[in-house]
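Taking the hints into account, I'd like the entire structure generated from these sequences.
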Amino acid sequence: MTNTTSLSELQTSAVAKPRQNFAVSMTNLEGFELAQRCAKLLASSTLVPKEYQGNLSNCVIALNMAQRIGADPLQVMQNLVIVHGRPTWSSQFLIATVNTSGRFSALRFEFFGEQGTDTWGCRAWAVERATNEKLVGADITIAIAKAEGWYGKNGSKWKTMPQQMLMYRAGSWWTRAFAPELSMGLQTADEVGDVYDAQQDTGGSFAVNVNDLRDLSPGTKSSPAAAEETPPDGVNTETGEITEPAPGQQPDTSDTGTDELNLE
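Just so we're aligned: the sequence shown equals residues 1 to 264 in UniProt numbering.
Think of the hints as simulated: they come from the structure by calculation, not from any bench. Please note that a few of the clues may not be correct.
In silico BS3-like pairs for lysine-lysine, Cα to Cα no more than 25 angstroms straight-line [what the hints assert, rightly or not]: (1) Lys40 <-> Lys50; (2) Lys146 <-> Lys159; (3) Lys157 <-> Lys146.
Across the chosen pairs, the derived CB separations fall in these ranges [unchecked claim]: (4) Ile144 <-> Gly70: 31 to 37 angstroms; (5) Gly85 <-> Glu110: 34 to 40 angstroms; (6) Asn28 <-> Ala147: 44 to 50 angstroms.
Computed from a predicted structure; not experimentally measured. Backbone N, C-alpha and C define an ideal beta-carbon position, used for all residues, glycine too.
Laid out in C-alpha cells, this is it:
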C-alpha cells in the first residue's frame, strides 16, 4: 500500500525547512554573503558614484551603513562624501535622516540677531515624539564662524550663502547632540572642509598635516630638507634682519672643525 503526500503537507511537515529572510549584516555568514551579492550588483552600475563603481569593499561598507540607519543604499552612496580622506555626510542628508527617523518632528530653524552683523545666528529644534519635549540645539552665529576660522577660509560659502550655512551647521550640531547614532560619529562635509582636526598617533600625541594648513602655489612642494636648511650668513635668525660686519672686519668663512679659539 502506497501513501501519497500532497505538496501542502510537505510544506507544513517537520521535514520542510522554513524559509528565512536574511538582512545585510557584517556579523553573520548569511548576512555577509547577501551583502557581497548586493555589492556586486551595485558596483556594476553606472548610477552610483565613482568611488563605488567596481569597488565591492566600498559598496559593502555603504550597505552596512544604510542598514544601520535604515536608509536606502543608493541614498547613502550619493551622500557619503570623502573629504581629506575621511568619510562625511552631506548636511542635507543628515537633516533628512532626522526628519524620516520617526523619533522626532521635522527639524525647524529659528534665526535671531540682526542680519548682516556678527550677532546674526540660527538654532535648530525638534520635538521628541515619545516625550513631547522640545529639543533645542546650540546657537550658531556669524561671530562663531569668524572665531573658529570658518568664515575667512578661501572659497568659504559662509561669505556667499551665510543663511544656508547657518542652517546646515545648526542642523548637524543638533543631530550630534540629540541623535548621534544617526550620524554614526561622522561629521558633515562642510564641517570637515572648514576645519582640520589633529590626528592622534600611536604614541598618544597629536599632529596635523602642515601641507593641509598652508596654501602652496601650483607646482611647489614642501620637503623636510627645505625646512632644515642652514640659514645664510649675515641674517639674524630670530628677526630676519640682515646684519652687516663691522668696518674693517671680514666674515670668518674658515672651518677649523673645532670650537676652540686660537689666542696666538
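### Query
Taking each numbered hint in turn, which are not upheld by the structure, reported in ascending numerical order?
none
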